[in-house]
Amino acid sequence: MEPVAGQVLAEQAITILKQTMPFQVAADGLLRKIAALGRRTSYDARAVIYEAGNKADDIYIIVSGQVEHALEPGAQARRPVKLLRQGDVFGWAALLEKYPHRLAKAVSQETTDILRINGEDLLRVLESDPDAGDVIMSRFATMITRDYTVPDLIAQLRRIHRRMHAGDIQGMDLTLYRFRQWIRSPRPYLMLTGFALFLSVWYLSVEVWKLPRFREMPGLTTVIKEWANPNPVYGLSIYTPEYYKHIWVSIRRVAEAFALATLLGVPFGLFLGWSKKFKEYVFPVFELLRPIPVLAWVPLAIVMFIATESAVIYLTFLAAFFATALNTMLGVQSIEESYVRAAYCLGAGRWQVFRHVIVPGALPFIFTGLQISMGVSWFSLVAAEMVSGQYGLGYVINTSYTTVRYPTIFIGMITLGIVGYTTSALVRVIGDYLMQWRTRELALGGQ
Amino acid sequence: MAAVMRAEATQPSAIRGAITIDNVVKIYDPDGAAVMAVDHCSLDIKAGEICMIVGPSGCGKTTLLNAIAGFHEITSGRILLDGEVLCGDEKPKAEPGSDRIVVFQNGALFPWKTNLENVAFGPIMQGKLTKAEATEKALGMMADAGLAGVEHNYPGEVSSGVRRRVEIVRALMNNPKVLLLDEPYRALDSLTKSVMHEALLEIYYKNRVTIFFITHDLEEAIFLGHRVAIMTTRPCKPKKILAVDIPHPRDYSVLTSRRFRELMEETTEAVHEEALKAFAAGEKEG
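Sequences listed follow chains U and R, in order. Following our numbering, the numbering of the first sequence begins with 1 at its first residue and continues without gaps. Following our numbering, the numbering of the second sequence begins with 1 at its first residue and continues without gaps.
Please keep in mind that the hints were generated in silico from the structure rather than gathered at the bench. We put the beta carbon where it would ideally sit given N, CA and C, even for glycine. It cannot be assumed that every hint is accurate.
Claimed, not checked - Listed next, the stretches of chain R that the computed footprint assigns to chain U, with coverage defined by at least 3 CB atoms under 8 Å from CB atoms of chain U:
hint : stretch
1    : 89-102
2    : 181-195
3    : 204-213
Claimed, not checked - The following label-pair restraints were derived from C-beta to C-beta distances:
hint : chain 1 : residue 1 : chain 2 : residue 2 : range
4    : U       : 101       : R       : 44        : 47 to 57 Å
5    : U       : 147       : R       : 276       : 48 to 58 Å
6    : U       : 304       : R       : 89        : 53 to 63 Å
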């Protein structure tokens, strides 16, 4: 029987696809692409559409009419013979991994209209939208095992290849991949627009409109000129070694305090969450000390530590420690009881549960804590440097204020912002790197 | 499938995994107000049997499971596994162990380990196999269970149906005597559920462990179980025990058979009665 090619409007094909089990969940855009692959063919009554063993290339969707579909014994179907009607899909052997030939004989029972789609072409279209494609393929698998009663083993469908699938790449590659995705997305441009708006408000309100409250403020251009001036009016710019010394001292202090807070705070928080008894002893004291602001600690720090340097690091450390420990504890408490129980069931001991369940389970919270901790480190550092110290960005801001060098205050502030942001981002990147499982889960959720 | 049927025909006399629940009572005492969750419950589960526990949500079925698994103490009575006391008067709480593995309602694959690492976890923790040996065995078992291809994915990346299968394979890696399933398919859609039922039976025909399966779905219970214990609503004890005389191996054609419908009719009323009581008592689902 020669197939008779018919002209089909894409809309009609889409309507038919929407009535089929595998395709009914697909979005209109994808359906349109699939429908475009369709070729309409008509068969007379009793025409053999294909025989078992024929090469499997197309899949068939019944537009109207009836087809008898008899699976050969090799397909191991429990109910091999099936009468197919409008909206049924057959010829799915074209999508199977191991069987590129027909597993059944298909015979039209009356004049039957068919939409044929080439399996290879279909896969290619599905690969263009791998997430939706996976859904369609899994519905194919369900249809084959359920409606055609073919066992799972035979119903192994071909896989959709993802050109660059987050699930297949690891570590640094994943981070780079995400960065490239980010560059390609509209997000960086929105970000740049945001910055441009912010800077223009500054520029306009100070230098163009000269708004009353902004009269004393240095303008955007003044600050930038000073910042990039080889001979700065007030002594500090990107050309002076002093500038880098301040940055370096601040970074070093934050790094020391942050490292100390992490080394002490994470184990402390883990034990707080893990041992009820330990928590009973310690947590009330912890909660009492936590709300005391850094500035209130200053006198004590100066009395306790004779060296200013240690006092500054101590003050910076304090808030970071509280943030890290608290989040770590919450992380342990957030772990579902069933994970711990499952580990005990599987024969893990108490220490193994700690190492394989508690620590990795709390990691997302720990890293949230570390990001907060990095933020408060900078916050406390500046407070501490304003009080004591000869170097550092906080010191720059404070002395520039007392010596009326306003543009330098802004240089200090902006530099703090940039350095602070960079260090926080660094913590985030390390967290993503250590928690591949979470990064991938979020990636699948489209975040 | 053919091989499976032959295995069934020879009917290996299941050797181990008989659970005896003897007069177990569990009273919760949260705020001084004693709540009886399990009331003098006795139930014998034969080795190698699929025993389905059916009851309305919150009836205390899970309390019973937790007692067998060793997550909770019991107030009185005893539970025995192959004649050995798991918990009783001397020690109210059983030790959790790899001879009784729980498959949890919401799944408890560790999301931070790949599916393969999850499956290999048990024997490594028990020190029975080295990491390399466990990994090799896990790969083999996953392939047997039709899970080839998802080994290196994290649980969060695969469908919930696949996750449940991985979890059952993770349990079977330890040659448990008993699998304790706590409404494992509750969150699955009905299509996936039907696929999962047949997959579970297929695994069961190969492994023949005792299965203690909690559900509130009567159809699921009769389709899978050798026996179905219908429990009263809180406090929980068997109201009616139904022997399902449909021969194993079963497949989905059983659902449309006359005998299946008869059994459904026989039991629906008993279950409905308890559901009404639970509803009237305002039990929280759980």
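Cross-check of the supplied hints:
1. 89-102: That given contact holds, which follows from 6 residues of the stretch 89-102 of chain R lying within Cβ reach (below 8 Å) of chain U.
2. 181-195: holds (count 4)
3. 204-213: violated (count 0)
4. 101(U) - 44(R): 47 to 57 Å: holds (52 Å)
5. 147(U) - 276(R): 48 to 58 Å: violated (37 Å)
6. 304(U) - 89(R): 53 to 63 Å: With Cβ atoms ~58 Å apart, the hint holds.
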